[in-house]
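Chains as they are written, first to last, in the working numbering: chain A, 1 to 321; chain B, 322 to 750; chain C, 751 to 1038.
Certain hints may be false.
Taking CB as the label site, the calculated pair distances span [stated by the list, open to error]:
id	chain 1	residue 1	chain 2	residue 2	range
1	A	A214	C	F870	49 to 57 Å
2	A	V71	B	T732	39 to 47 Å
3	C	I1023	A	A214	33 to 41 Å
4	A	P178	C	L931	50 to 58 Å
5	A	L50	B	T732	52 to 60 Å
Simulated pairs of lysine-lysine, DSS-like, Cα-Cα distance not exceeding 30 Å [stated by the list, open to error]:
id	chain 1	residue 1	chain 2	residue 2
6	A	K205	C	K766
7	C	K766	A	K209
8	A	K205	C	K955
9	B	K578	B	K642
Hint data in this document are derived by calculation from the structure and do not stem from the laboratory.
Beta carbons: idealized from backbone N, C-alpha and C, even for Gly.
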Amino acid sequence: MRNNSSDLLQVTYPQSKTILRWCQRSRNREWLLGYLFIMPLIVYFILFLLYPTIAAFIYGFTSWNMRTPPVWVGLENYKKLFFDRVAYPYFWHSFTVTLKYVVLAVPTTMSVALVIALLINSIRRMQTFFKVCLYLPVITSAVAVAAIWRWVYDPLYGLLNMVLKALHIQKVNWLGEPAFVIPSLVIIATWSLGSSMLIYLAGLKGIPKQYYEAALIDGVNGWQQFRYITWPLLQPTTFFLLITGFIGSFQVFEIIYVLYGAGGGSIGGPRQSALTYVLYIYNHAFRYYEMGTACAMSFILFIIIVIITIIQFKYVRQTYE
Amino acid sequence: MKKILLWSLVLVICISMTATLSLAGCKKAAEEAAPAEEVEEVSAEEEEEAPVPELEGEISFWVYEPIPEGLAVLDTLKAKFEQQYPGTTIDILPIPKGDFNPKLNTAIAAGDVPDASYLDQPLVALFVRDGIIDPVPDGLINEADFYPGALNTNRVNDELYGLPLSQTTIALYYNTDLVPTPPETWDEMIEIAKNVYDPDKEIAAFNVPQGDGWGAWLFPAFVATAGGTMLDESSREVTFAEAPAVDALSLWVELLKYSPIEISTAQNAFQTGHVAMMISGPWELGGLRAEWPELNWDVALIPKKVQWGSNIGGDNAVVYKDAKNKDLAWAWIEFLTEDENNLELSTTVMGNFPINLALSTGDWLNGDSQLQTFMEQMKYAQARPTVTEWLKINDEIISRAIGDALAGTKTPEKSLIDAADDARQILGW
Amino acid sequence: MCDKPMSKMSKFQVKKLFVYLVLSLFVIWTVGPFIWMVSTSLKHYGDIFTPVPQLIPRDKITGQVYVTLENYHYVIEMKGLGRAFLNSLLVTIVVTAFKLFFDSLAAYAFARIRFPGRDFFFFIVISSMMVPGVALLVPRVYITRLLGLYNSLWGLIIPMSMSVFDIFLLRQFFLNIPVELEEASMIDGASRWDIYWRIALPLAKPALALVAITSFTWHWNDLMWPLVILTDAKKYTLPLALALLASGQAPRPHYIMAGATLTVIPIMIIFLIFQRQILEGISITGLK
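Generate the whole structure from the sequences, applying the supplied hints.
Listed below in structure tokens is the structure:
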């Protein structure tokens, strides 16, 4: 079949015989094809992810106000972040705030998303209507979301407090009272769980109906169906949402910035109860012009997220057996 | 079906490529120049300048987004200038105000610098120290034409590095139904606060600033009315832990008793009549007049303890060292500080006040008692410290001190003393 | 004998009713604020903050019900909004197309093609999701400049043309496709490319639809990157143009809401088009 070409090549270039035979082996062809498929990714990765990350890493060892060339300071930034409470008073604080947020937000959004996905999946009609409605918050820009919820949470005229007043419960200063700030933010996060809901829906659709049919025949009830069929088969989806949920929540920024950012004169809300880690990084990068410190802080967060992700990869089941 | 999808995708990509290439092409979009109505005024000031060399070319000028009606006025000014100097083009780039500094600094860091731009007052000193802006050319302006306070926010080491475009200050807004006569002293203010506070009707006395960046920005105004300062830069001393500042913070703690934050932090609490007094700037006037006609309100000077005082704020314009057409840039900036132009710019476009002394009295103030009150307040306004670390100290140290005092976790004296210690450490004084 | 089936029926119906009820509550919770957003955009500024939240625009003084389009007029007539809208549309569509293609290529390779270093490289790529974007901003702008893409719409597209999140998502979906299907085709002489194009992609439609929707949403609302890349107001995208309205000393919710409502409409359309794909599951009929 390929004799003509290979004979020709054999005559003209003896080395090409080995190359050609190497190429012809299907396993090596697999390799080449694999690399070809990810070639765009490699190029993109090197240009827009790898280089900036390495650059940021190096900047973490400098003092840089972005207008003059960076000045090498070695581990100074890291030392000061960890130990200098005057220069960086909110470093540990912002970390605890973020942790509080993550611990509340991830399980809440995931479980509510799952519940809603299950509910939607179980009905025949009006699926589209419900999906659209529940996805609405996701497609709204952060500025609008902040404006909406500022109204809902308004201590005098907000929707929530009006409802409480009608129920003769005392009004709450949702966004102004430090203790209530994180829960209020988690509620907003849950409100915009449309993406997770969709992902769970897609995952649910991937479970072959035969399993449920078999279960019905065997007389298995709803809860057991969930426990033995749905939940295990959703493992890949749950795993994915868990990983991305943690990664995303640790880096929560947009909504916090619009609600409690420097633009409104606030530095992370009442008593800095909403000063999340990335907001703190942002302030140092673009308000105090300490880009070097901001890069160092980013790397600390990076390490933490990597560790948590590795733990998740090891101990959370990725797929069902 | 899939084939159709695929080909439509390819088609979309092709169309978009051609479209973007043509959009990005070097077609100079026609400037939407509003007809320049004013006849070229040959005012006395213009003739005083050194003869301007042949101006031509293009500069980029970065601005904050002007208040709504302002964009059109800015274009009118631009058209007027371009008519005066044919062959020139001013490329104005409006940027959302909150994102202006991040964008500017990112651009500088990545190697792209505009020719000229607005610059927030405190940043001028930082930019000078970093060596990226040019001093004002000799003979460009007559310094006596300007308000010294505003002009001096551009002065570093006795040299001017920019020109002021607008200035602003803050004063006391009060609800005339709840507060018939405004307080003139601190004691009067506390008295009024006690009387006005009504928890049943949900009325708070005063929008007490919180322990955040804005509160820390307002704080020096009250310190000034007690006769104090925040820093003494010439002698490198931190002065915000001394008696005047402690008194100012104590005043806020006292006022807080009659101003629950559940009421004062509601949106538009003053406008809806739930807060009797608040501190704010002239930018509120437009909104109050247009949107809240049923509210009865007025403006007064910030109550004094020892003397009148307030903060000065505002925007300057600078030209960058790496600018390509510096003559044109300076000519444009100077143009913006001239009488008529500056009036338009600072009031309509920026919502503040002009920096040109010639405009301190004029028709535009006639009959507007509230504007006149602000102009009066401007006389006593003091500038912020220009040390590099001021913003960080503002955000993390002073605002924390205010927060601690207001929350009652520390006395005003203790929180300011601790804050001063921290500040000294950061400044190295 | 007739009773048993009857009671089973009603229990089923009760359950169904319950499901609809709970879902409706969620819908109210989700859509409620939204309705307020639209209602605010139809009010005069002074009528927005009232003691009792008003869903229907009502004049504060006269008590009359009204609807005003003045906020929309204001927003639409804002200079350059139409152009910003087109810019956004262009950029978002092209980016989404790029992402769908390149991301699925890479995801398929990670899922199904065996080559040395595959899993290691996958993890490295995933880990890039874990670096906060703020630190990467300046180097990315710098390299975009180096590539000559600064201040251009392509500069908005190319640096965003792939997404690690989407690759992760698609890979998980590709993993779920039965290997037997592919092996059968390979025996029939199909190449990897054929399998990818003709089998894997169609089966992953739900995931692709997800990617399309999330990509569209993200890029449609993205403010930060266009902000730092563009220095020409004519190239501004929609969020940037609307931000010029929104920021300022006094909050102007009526304009923000009008702008936000306008912004939401195209995404809504895209969502309606693509979401049905998610309804269709992976059908296993091919195995027969």
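Task: Broken hints, by number - done: Per hint list: 1 and 9 violated.
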